[in-house]
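Taken in order, these protein sequences are the chains called E and D.
Take 1 as the starting number for the first sequence in the working numbering and just add one per residue.
Take 1 as the starting number for the second sequence in the working numbering and just add one per residue.
What the hints contain is simulated information worked out from the structure, not anything from laboratory work.
Nothing here was measured: the structure is a model prediction, and the numbers come from that model.
The beta-carbon is built from N, C-alpha and C at its ideal position, and this holds for glycine as well.
Hints should not be assumed to be uniformly reliable.
Some chain D residues judged to face chain E by a derived CB distance under 8 Å, without partners named [claimed, not checked]:
hint: 1; residue: Leu132
hint: 2; residue: Gly303
hint: 3; residue: Met309
hint: 4; residue: Gln313
hint: 5; residue: Cys317
hint: 6; residue: Ala324
Keeping only pairs whose Cα atoms sit at most 27 Å apart, straight-line, the calculated DSS-like set for lysine-lysine is [unchecked claim]:
hint: 7; chain 1: D; residue 1: Lys294; chain 2: E; residue 2: Lys141
hint: 8; chain 1: D; residue 1: Lys272; chain 2: E; residue 2: Lys141
hint: 9; chain 1: D; residue 1: Lys143; chain 2: D; residue 2: Lys98
hint: 10; chain 1: D; residue 1: Lys103; chain 2: D; residue 2: Lys52
hint: 11; chain 1: E; residue 1: Lys203; chain 2: D; residue 2: Lys294
hint: 12; chain 1: E; residue 1: Lys206; chain 2: D; residue 2: Lys133
hint: 13; chain 1: E; residue 1: Lys264; chain 2: D; residue 2: Lys145
hint: 14; chain 1: E; residue 1: Lys172; chain 2: E; residue 2: Lys329
hint: 15; chain 1: E; residue 1: Lys142; chain 2: D; residue 2: Lys250
hint: 16; chain 1: E; residue 1: Lys58; chain 2: E; residue 2: Lys329
hint: 17; chain 1: E; residue 1: Lys141; chain 2: E; residue 2: Lys47
hint: 18; chain 1: D; residue 1: Lys98; chain 2: E; residue 2: Lys203
hint: 19; chain 1: D; residue 1: Lys143; chain 2: E; residue 2: Lys264
hint: 20; chain 1: E; residue 1: Lys132; chain 2: D; residue 2: Lys294
hint: 21; chain 1: D; residue 1: Lys272; chain 2: E; residue 2: Lys329
hint: 22; chain 1: D; residue 1: Lys294; chain 2: E; residue 2: Lys329
hint: 23; chain 1: E; residue 1: Lys6; chain 2: E; residue 2: Lys100
hint: 24; chain 1: E; residue 1: Lys132; chain 2: D; residue 2: Lys210
hint: 25; chain 1: E; residue 1: Lys132; chain 2: D; residue 2: Lys272
hint: 26; chain 1: E; residue 1: Lys132; chain 2: D; residue 2: Lys2
hint: 27; chain 1: E; residue 1: Lys264; chain 2: D; residue 2: Lys98
hint: 28; chain 1: D; residue 1: Lys294; chain 2: D; residue 2: Lys250
hint: 29; chain 1: E; residue 1: Lys172; chain 2: E; residue 2: Lys142
hint: 30; chain 1: D; residue 1: Lys261; chain 2: E; residue 2: Lys132
hint: 31; chain 1: E; residue 1: Lys100; chain 2: E; residue 2: Lys341
hint: 32; chain 1: E; residue 1: Lys329; chain 2: E; residue 2: Lys97
hint: 33; chain 1: D; residue 1: Lys52; chain 2: D; residue 2: Lys380
hint: 34; chain 1: E; residue 1: Lys142; chain 2: D; residue 2: Lys261
hint: 35; chain 1: E; residue 1: Lys309; chain 2: D; residue 2: Lys210
hint: 36; chain 1: D; residue 1: Lys244; chain 2: D; residue 2: Lys209
hint: 37; chain 1: E; residue 1: Lys141; chain 2: E; residue 2: Lys6
hint: 38; chain 1: E; residue 1: Lys100; chain 2: E; residue 2: Lys161
hint: 39; chain 1: D; residue 1: Lys145; chain 2: D; residue 2: Lys52
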Amino acid sequence: MSLPFKNPEVFISAPIPPCQDDEYEELALGVANMGENFSKITINRPKVGDYDVKFQVKYCGICHTDIHLVCNEAARTMYPIVPGHELVGVVTGIGDKVTKVGVGSQVALGYYMDSCMECDMCDSSEENYCMKGDTHTFNAKKVHGHIGGNQETQTFGGFSKSMVVHERFIIKLPDNAPLAESAPLVCAGITMWDPLRYWGAIKGGKKMKVGIVGIGGVGTMGIKLAAALGHEVVAISRSAKKKDIAKEKGAHHYIDTSSTDSVKEHNNSMDLIMNTVSASHSIQTYLGLLRTNGTLVQLGAVVSPIDFKNIYLIMQRKSIAGSYVGGIKSTQECVDFCIAKNVYPDIEVVDASRLDEVYNTLASNSSSGVRYVLDIEASL
Amino acid sequence: MKFSHPQIAVHKPIPAPQEDEYPVRAWGVEEHGGTFKELTIYRHEVGDHDVKFDMEYCGICHSDVHNVCNEMSEVRGSMYPIVPGHELVGRVVEVGDKVTRVKVGDNIGVGCIRDSCLDCEVCDNGDECYCLKGFTHTYNTLKRKDYCHIGGNPEVQNWGGYSEFDVVHERFVIKIPNGMPLEVAGPILCAGITMWSPLNHWGATNTDKKLSIGIVGIGGLGTMGIKLAAALGHRVVAISSSDKKRDLAKSRGAEGYVVSKDPDSVATERGKLDLILNTVSAHHSLAPYIAMLKNDGTLVQMGCIAAPMQYTQMMLCLRRISIAGSLIGGIQATQEVMDFCHKKEIYPDIEVVGAGDLERVYTELQDNNSGAIRYVLDIKMSLAANK
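Produce the entire structure from the sequences given, and follow the hints as far as they go.
What follows is the structure, given as structure tokens:
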């Protein structure tokens, strides 16, 4: 079963250079070149530096964004690509100046693994919005100088036996946290948590009516979070198919946008709508669902331009905003909350033999609300 | 003047007056495709909460052109006869028994809001323009069945400010400060509040911080916005599609100037603006404006453009940028901007005209809406000219 690649004429491909003295070789799972399937690849990781944490990766969550990048949808993929940005595991080594964790600690790592650490955004622990650009955990160039090893190669993600990262970007997990279930918290979880935080749904006490569009892995996580925070949650999908899943995850209402009656019932009522859909689609219906001063937060990695009419924003002072994961402080808060309140994604653990199949499932937008997690130990 | 969409125009001839109504001289267009002429309309006697005022001036807004010429097919067809005007300025001649805000002899104004439900949380919050039931525009609207603070015949359309008198519920009346020249007050009730309201909502009217604020579109609204933002102590960057408005923008208080179609010019302000107010009413690309916003910045869209605008997701997601809309402003905010303008002597650039000039002015606004001048109809002069 091949992967659904795009833009076959525009991508970058370069062999991994030989292992340097300040690196070690590591086994990984990746796509070696455009058009190929997943295979075992040997990558190089930096040896532990003063501020680094090395951990054995036990599980790594699978996110639809991985598919977009592996399949070159934005025409900027660097092959070989080792995806995975929801890593969980156990610390096996720390640098001399590390204070955050010790050997044996359970840890997680999310979508970014470096930032400038100097700008206003980094100073307020919004490293994801670093003004010089955060460095993504895979398919990114090393520019800020806090990642060791060969500076010319791209970053390689969590589908690998070990990871080395500056302690700043490590998320701490309690010793008894269930590892596989915790993995998606550092992407799916924080992707929904941070906009809830920024748009006032975490502190403040006011009960909001929150809509969640797209009832996949991220959307169901959002339903659980918004419900656990005490808000009135409306699941929004383009058919009736996800109604049972949505209600089971805690949604109080369900809108099937293909039915005008279903939409009409909730027009002009929502304070905040979080839209997880990453395929091209119309947002007009969601703008209608917002109440005065409401915000539609766009989260999906949609590549083609999105239309909207000024009048839908002007008449009731509505906003369309974007959000992208969250800073380290916020991610830690999200993880702490979820573990304390027992709010976990519903996961399905898979091994490497199912990767191509899972990628195709996610690419066809037919996810059943489950978050897939790769069992690294079983796969490598 | 060019009219549009004849098939959706609504004709509602003026019926005979009710007992509580009396004739008033006004200027309007009698039927779709017609010309401006003097008409007789009827207004109602003063009710308990009403304020009756003698009209001195009424500002002319491009929205008047959209209404008169039936250009708002997205919303609904206009009702003819139509008497436009939503920048009313005059002197109080009579007040109802329960009126407390103003007294006979006071100078007052009325803007775009003739009525709202006064009962929802949004009205309670002073945002009557966003009333959950929908506010009632000063003209070319009908009295509502679900709320109504307007007397007279409930079936007749509301008449705007191009008229001798008007009668409005005191809640929607703006006090004009003593000493403010009346002829400049009109455009503050529309252009002024349209620019003040987003400055207020997005934190620029009540802060010690010096913000960087972009204003797109250097016409009547834009120049008002430049003056207000500069008077509030902010660094104002005027943004236009060519170099032509540079001198005008600088003379009104803009420190910076960007030509949006020139990538090098846009690059000089890349990532530097906290807020951008976009007044442009024709379709255009938003990409250069989004690029000039700081992280967490907001682009406020104000032009009523029928065709869809575009943005790309990553532009918003990777820097938590917002695109919002804004529409005039509530009564309290309108009073604030009126008082602020008087205190800082911020006046729109105006040209006073008579009713005989209306055809010419409307045609000009239709052909070229880029001028920075706000036209103001001199009601007294027009009444005298036509006696």
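Against the structure, the hints:
1. At its closest, the beta carbon of Leu132(D) sits 7 Å from a beta carbon of chain E; the interface hint therefore holds under the 8 Å criterion.
2. The beta carbon of Gly303(D) comes within 6 Å of a beta carbon in chain E, closer than 8 Å, and the hint placing it at the interface holds.
3. Interface hint at Met309(D): satisfied, since its Cβ lies 6 Å from the closest Cβ of chain E, which is below the 8 Å cut-off.
4. Among the interface hints, the one on Gln313(D) holds; its C-beta lies about 4 Å from the nearest C-beta in chain E, closer than the 8 Å criterion.
5. With its C-beta approaching chain E no nearer than about 3 Å, Cys317(D) sits inside the 8 Å limit, and its interface hint holds.
6. Annotation: interface hint on Ala324(D) holds; nearest CB of chain E at approximately 4 Å, less than 8 Å.
7. Distance check on the hinted pair: Lys294(D) and Lys141(E) sit about 23 Å apart at the alpha-carbon level, within 27 Å; holds.
8. Straight-line distance between C-alpha atoms of Lys272(D) and Lys141(E) comes to about 25 Å, which keeps the hinted pair within the 27 Å bound.
9. Restraint check: the Cα-Cα separation between Lys143(D) and Lys98(D) comes to about 22 Å, which is no more than 27 Å; the hinted pair holds.
10. Proximity of Lys103(D) to Lys52(D) is assessed by CA-CA distance (about 10 Å); at most 27 Å being required, the pair is judged to hold.
11. As the CA atoms of Lys203(E) and Lys294(D) are separated by approximately 25 Å, the hinted pair is consistent with the 27 Å bound.
12. For a cut-off of 27 Å, the pair hint linking Lys206(E) to Lys133(D) stands: about 23 Å separates their Cα positions.
13. Using a Cα cut-off of 27 Å, the hinted pair Lys264(E) and Lys145(D) holds, with the two alpha carbons roughly 21 Å apart.
14. Proposed proximity of Lys172(E) and Lys329(E) is supported: the alpha carbons are some 11 Å apart, at most 27 Å.
15. Restraint check for Lys142(E) and Lys250(D): not satisfied, since their Cα atoms lie roughly 43 Å apart, outside the 27 Å limit.
16. Under the criterion of a C-alpha separation no larger than 27 Å, the hint pairing Lys58(E) with Lys329(E) is consistent with the structure, at around 23 Å.
17. Proximity of Lys141(E) to Lys47(E) is assessed by CA-CA distance (about 18 Å); at most 27 Å being required, the pair is judged to hold.
18. The straight-line distance between the Cα atoms of Lys98(D) and Lys203(E) is roughly 43 Å, outside the 27 Å bound, and the hint therefore fails.
19. Of the supplied pair hints, the one linking Lys143(D) and Lys264(E) holds, its CA atoms being roughly 25 Å apart against a limit of 27 Å.
20. Taking the CA atoms of Lys132(E) and Lys294(D), the gap is about 12 Å. The hint holds against a cut of 27 Å.
21. At most 27 Å may separate the alpha-carbon atoms for a hinted pair to count; Lys272(D) and Lys329(E) meet this at roughly 26 Å.
22. For the given pair, Lys294(D) sits about 22 Å from Lys329(E) by alpha-carbon distance, which is consistent with the 27 Å threshold.
23. Proposed proximity of Lys6(E) and Lys100(E) is contradicted: the alpha carbons are some 41 Å apart, above 27 Å.
24. Of the supplied pair hints, the one linking Lys132(E) and Lys210(D) holds, its CA atoms being roughly 23 Å apart against a limit of 27 Å.
25. With a CA separation close to 14 Å, the supplied pair Lys132(E) and Lys272(D) stays within the 27 Å bound.
26. With a C-alpha separation of about 51 Å, the suggested pair Lys132(E) and Lys2(D) falls outside the 27 Å cut-off, and the hint is violated.
27. Among the hinted pairs, Lys264(E) with Lys98(D) is inconsistent with the structure: their alpha-carbon atoms are about 40 Å apart, more than 27 Å.
28. Between the alpha carbons of Lys294(D) and Lys250(D) the distance comes to roughly 23 Å, so the proposed pair stays at or under 27 Å and holds.
29. Taking the CA atoms of Lys172(E) and Lys142(E), the gap is near 24 Å; set against the 27 Å cutoff, the hint holds.
30. Of the supplied pair hints, the one linking Lys261(D) and Lys132(E) holds, its CA atoms being roughly 25 Å apart against a limit of 27 Å.
31. Only pairs whose Cα atoms come within 27 Å are accepted, and Lys100(E) paired with Lys341(E) is accepted, the gap being roughly 24 Å.
32. For the hint pairing Lys329(E) with Lys97(E), the CA-to-CA distance comes to about 20 Å; that is within 27 Å, so the pair holds.
33. Using a Cα cut-off of 27 Å, the hinted pair Lys52(D) and Lys380(D) holds, with the two alpha carbons roughly 16 Å apart.
34. Distance check on the hinted pair: Lys142(E) and Lys261(D) sit about 33 Å apart at the alpha-carbon level, beyond 27 Å; violated.
35. At most 27 Å may separate the alpha-carbon atoms for a hinted pair to count; Lys309(E) and Lys210(D) exceed this at roughly 32 Å.
36. The straight-line distance between the Cα atoms of Lys244(D) and Lys209(D) is roughly 31 Å, outside the 27 Å bound, and the hint therefore fails.
37. Between Lys141(E) and Lys6(E) the CA atoms are separated by roughly 22 Å; this keeps the pair inside 27 Å, and the hint holds.
38. Proposed proximity of Lys100(E) and Lys161(E) is supported: the alpha carbons are some 22 Å apart, at most 27 Å.
39. As the CA atoms of Lys145(D) and Lys52(D) are separated by approximately 23 Å, the hinted pair is consistent with the 27 Å bound.
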